[in-house]
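Required output: the full structure, derived from the provided sequences and hints.
For the sequence shown, the residue numbers in the numbering used here are 4 to 144.
Worth flagging that the hints you see were computed from the coordinates, not collected in a lab.
Since we're looking at a predicted model, the values are computed, not measured.
Note that beta-carbon positions come from the ideal geometry of N, C-alpha and C, so glycine has one too.
No false leads were slipped in.
Estimated spans, in silico, between C-beta atoms of each pair:
| hint | residue 1 | residue 2 | range |
| --- | --- | --- | --- |
| 1 | Glu139 | Leu43 | 32 to 42 Å |
| 2 | Thr18 | Thr137 | 34 to 44 Å |
| 3 | Ser59 | Gln27 | 21 to 31 Å |
| 4 | Leu76 | Asn132 | 17 to 27 Å |
| 5 | His111 | Ala138 | 17 to 27 Å |
| 6 | Ala86 | Gly120 | 18 to 28 Å |
| 7 | Arg23 | Glu128 | 12 to 22 Å |
| 8 | Thr7 | Ala138 | 40 to 50 Å |
| 9 | Leu76 | Thr7 | 34 to 44 Å |
| 10 | Asn48 | Ala86 | 23 to 33 Å |
| 11 | Asp133 | Thr69 | 17 to 27 Å |
| 12 | Arg142 | Gly89 | 25 to 35 Å |
| 13 | Arg40 | Gly89 | 25 to 35 Å |
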Amino acid sequence: MTDTPVVRPPLPPFTEESARAKVQAAEDAWNSRDPERVALAYTENSFWRNRDRFLSGRDEIREFLTDKWERELDYRLRKELWAYTGNRISVRFEYEWHDASGQWWRSHGNEQWEFDGNGLMRRREASINDIPITAEDRRLT
Numbered sequence: 004m005t006d007t008p009v010v011r012p013p014l015p016p017f018t019e020e021s022a023r024a025k026v027q028a029a030e031d032a033w034n035s036r037d038p039e040r041v042a043l044a045y046t047e048n049s050f051w052r053n054r055d056r057f058l059s060g061r062d063e064i065r066e067f068l069t070d071k072w073e074r075e076l077d078y079r080l081r082k083e084l085w086a087y088t089g090n091r092i093s094v095r096f097e098y099e100w101h102d103a104s105g106q107w108w109r110s111h112g113n114e115q116w117e118f119d120g121n122g123l124m125r126r127r128e129a130s131i132n133d134i135p136i137t138a139e140d141r142r143l144t
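If you want it as structure tokens, here you go:
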């Protein structure tokens, strides 16, 4: 018995419409704050650079996201398609969250994504900067 490969449409090569759909699907998944749901969008051996951390594989991704959402409370994210070609998509994003002390933060960044032929992300490179904000300055509610 062989395993059926996981297929996660839309598939590359991307058009503007399919790239936008992929970005929206990622935004929706991350806003669920469900590490399992998010991790399933990546290949088993997916490579990540997230800020100064390097991760490999779904298990590390799942663990990273579990820890992230235990620290980054009331997380809310917006992603925007920046560019696409073939099996790659680039996005800009911002998200807001607060820490355990109640301090709100806005995190800005860019991600470069590379997908396999089944639409699973095999590489994610993220650069992110954080700025403290007040609760009144929040834009993403």
